[in-house]
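Line by line, the protein sequences give chains R and D.
In this text, residue positions in the first sequence follow the numbering used here: the first is 1, and each later residue adds one.
In this text, residue positions in the second sequence follow the numbering used here: the first is 1, and each later residue adds one.
Hints are all accurate, no fakes.
A pair counts as met if it fits within one copy or between any two copies, since identical chains are not told apart.
With a Cα cut of at most 27 Å, we get these calculated DSSO-like pairs of lysine-lysine:
id	residue 1	residue 2
1	6	172
2	84	59
3	214	198
4	169	198
5	264	290
6	313	260
7	120	91
8	341	314
9	506	242
10	344	489
11	238	361
12	198	230
13	169	117
14	94	59
15	361	376
16	84	120
17	198	260
18	361	214
19	172	230
20	43	160
21	506	214
22	84	6
23	59	91
Honestly, the hints are just simulated from the structure, not real lab data.
Predicted, not measured: the structure shown is a model, and the values here were computed from it.
Number of protein chains: 2
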Amino acid sequence: MMKKIKSALISVSDKSNLKPLLQILKKNKVKIISSGGTFKTIKRLKFDCSEVSDFTGFKEILGGRVKTLHPKIHAGILSKRNNKLHQNQLKNNKFENIDLVIVNFYPFEKTLEKTKKHEKILENIDIGGPAMVRASAKNYSDVTVITSIKQYPELIDQLKTNKGSTTLKFRKDMSLLAFGETAYYDSVISNYLNMDSKTYFPQKKIFYGNLIEKLRYGENPHQMSAIYSKNTNLKINKIHGKQLSYNNYNDIFSALAISKSLPKNIGTAIVKHANPCGVSILKNKLDSYKAALACDPTSAFGGIVSCNFKIDKKLALELNKIFLEVIVANGFEKNALKILKSKKNLRLIDASNFSQNEIFKFNSLNNSILIQSEDKKIFSKNDFKIVSKKKPTKIQFDNLIFAFNICRYVKSNAIVLVDNKTTVGIGSGQPSRLDSCQIAIDKMKKIRNLETEIVAASDAFFPFVDGIEKLVQAGVSAVVQPSGSINDKEVINFANATGTVLIFSKTRHFRH
Amino acid sequence: MMKKIKSALISVSDKSNLKPLLQILKKNKVKIISSGGTFKTIKRLKFDCSEVSDFTGFKEILGGRVKTLHPKIHAGILSKRNNKLHQNQLKNNKFENIDLVIVNFYPFEKTLEKTKKHEKILENIDIGGPAMVRASAKNYSDVTVITSIKQYPELIDQLKTNKGSTTLKFRKDMSLLAFGETAYYDSVISNYLNMDSKTYFPQKKIFYGNLIEKLRYGENPHQMSAIYSKNTNLKINKIHGKQLSYNNYNDIFSALAISKSLPKNIGTAIVKHANPCGVSILKNKLDSYKAALACDPTSAFGGIVSCNFKIDKKLALELNKIFLEVIVANGFEKNALKILKSKKNLRLIDASNFSQNEIFKFNSLNNSILIQSEDKKIFSKNDFKIVSKKKPTKIQFDNLIFAFNICRYVKSNAIVLVDNKTTVGIGSGQPSRLDSCQIAIDKMKKIRNLETEIVAASDAFFPFVDGIEKLVQAGVSAVVQPSGSINDKEVINFANATGTVLIFSKTRHFRH
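Bound conformation, chain R alone (with noise of 0.2 Å):
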């Protein structure tokens, strides 16, 4: 049904692109209420408005805290028009109804961003605001709530379109916007007040998002999707290619964490089903990517390259030889995009911006979340203890570190080979440990003869000696794994009888 706007009611704190706004209003005779900044505003744009002071008769005080929060107000909004009841006590208070509500709120991550004291955060906290726009939506069916700028070009289409009056449709897609506002608004207060009190598993947990994007599908074609940041924007940068999809953005932020956590300007790592197939921290960027792809060349086909560092027009000759989805780098030298660019479809990100700066992780299962902290740790040699009688060379240690730290970011049950600063044999996602160890003892045997000492990780603890032996035979040299079996104590014999470094760490990686 269509409603006539004759009242207005503005306050907002984005004052931007008011002007056509209020030219349309006064073209069809809206009276205007307003108050403090937003009043100074229109008058300062020349257009007749009231004082919500002199429109209640009720000063503001408290520095501004209590002027909205009226029975004038909000009697005028949440009225029902076709309630005679309703009707006459406005008229017998004399009282007027308001049709439109126009109120946007400061962000609160913007205040965040601002400030670290608190009492100034707290200062922030829009009260009156959020009373209104709650009170507009639920009332849509008679007034026109307005929370955004977004929505002004659309408000002006509606009073152009139907002569002042705005449609029950559009007031009833206002009304959605503006519960997701206050939502939003009340989600973001509620984590950082949870956060700043270290209360990490509140009664009620609220998590929420903006639209970045909606995608073509979801991890199938029958599978609707989209994609969300606590943040306005996703910290990665797309400057080429097709659009990303689902299965994309899961391998891109899979290949991210790793790449995060090598060493700095160091390192590519490829991903294929959010598995790394293939890992190198060598120095030389092109050594690090012959290295990485040599781990699984046949995996590697269509996945994903995450390089640490900017591409350079070498690195990028090398890169276009095989058909890959995504190329993710800090940056690209203009002669390297040129080469990349070549292949239209390829998809180049540059992620010089992101950084990992979350610190839980959630996900959810038919109606339950479960929420975790992210697998952040970073081991030291501490962090190991040497319970073989062999003790690691320091190519060794340096390399076992490297082979459990990817460890983490392997599908579980997950085994890591690797040689050279170079993971040479994966095996990912087995439901047994021992099938995991023949996965990656077969990746190895492929591609390499051997000729040095391999070293490898286990995500967790090997169950009996059967692991392990696997990986000695096939010429495993050290080995890091977390303690914790009931075998420790014959693994470590296992270790000893056959001349293996073993080393234990403190704690494990499972990954799903």
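Given the structure of chain R, go ahead and fit chain D onto it with the hints provided.
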């Protein structure tokens, strides 16, 4: 800093447990203001109380829509006690401070359960309550806000211990909970409105949950963790055993998703690391468990068994033979329970009340959130196109459909081999499809000679002939796979050349 409570505003939807609270307030000479049903309850309990309308001097209108949205209430809550200007303004307006606000909302989920009428649902949205709660929570340095009857004992304790005052810490804690309540309340409203209008991906999306339990740790011991639910419980009932861990929950919900996809009351699924390692839909309970176990007995060790039926004594005796972490079932017969309970740590879950009603699933990746509709499509024979010259027998076709369904729950790349309504080889979590084929075949060869006709399902297309070739060489007689590769034609030719049944499904089943 301690704050003496001299006045309280009480407006509660849940009117239980008020008496002891009113007693302590009376003892401390706290002036009470209330309205509507709460006012009547307080009077019935024979305590003094002023009506809000007498307090404000404004008679409530619009059927109660506007009563507390009044400057006298909100200035009383929002004034800074240590700010002289604020206090003078209060005096000049004949206002007074309100030190304690007790408000709880009628749970919006309950409204949604009680009625499907949109009008009525909207009518239930509380405007005045959240405004008061938000104002009090903002001003917690002076005001105590109570938003749940669960907080009464602590409030009573505060008033007793501190002679009618509350501590700053308590008020801050309550403020945190208060913003949790308002954020949650609007999140439920916003999600209802979005779902009602089929707006699945709004600009601002809010996900919410109720804390079910804090977990000992996450996927690994160095990760904090908790589980939340959109409901007030998980709809699964642990009837025996140790506390459930993060990984248990992850596996349980993976297992239940499989079980719910099987024919009603039929079928056993064994899950490890969120991947199935054996599924059978043989009709006899014991047979189905034994067959599922036979698929990969090594992996089943320490796994989760999910039965789509009630567990009886015979099966219980069989289940007790190996080490399992969790058994999930649609109930347990009494004598079965007795047997299983002999293992102190074994977790037993009654999932009779579990239903998969959630349309969307989501997971976070650093600051981003990927959301997609669940992969729940039910396939019928019409979704499958026979593309080979050789046509499947009815048994083959049934096994192919079963295999393709199980594929959906196996991490990609997934290859599932089936014989006689039972998986006989599962290849999972490999970046290369060829490797998944090999793993599935290796598993199968461990347990059987090829006396029968095996069928295979692939979660996505074969990019080359090599995958299907490997399967056929291993004895596979019929294959289902989504089409879409540029080499589809070659794959069909290979099937025809080898007399293999080949079926194309219309869509794929990636899962990561």
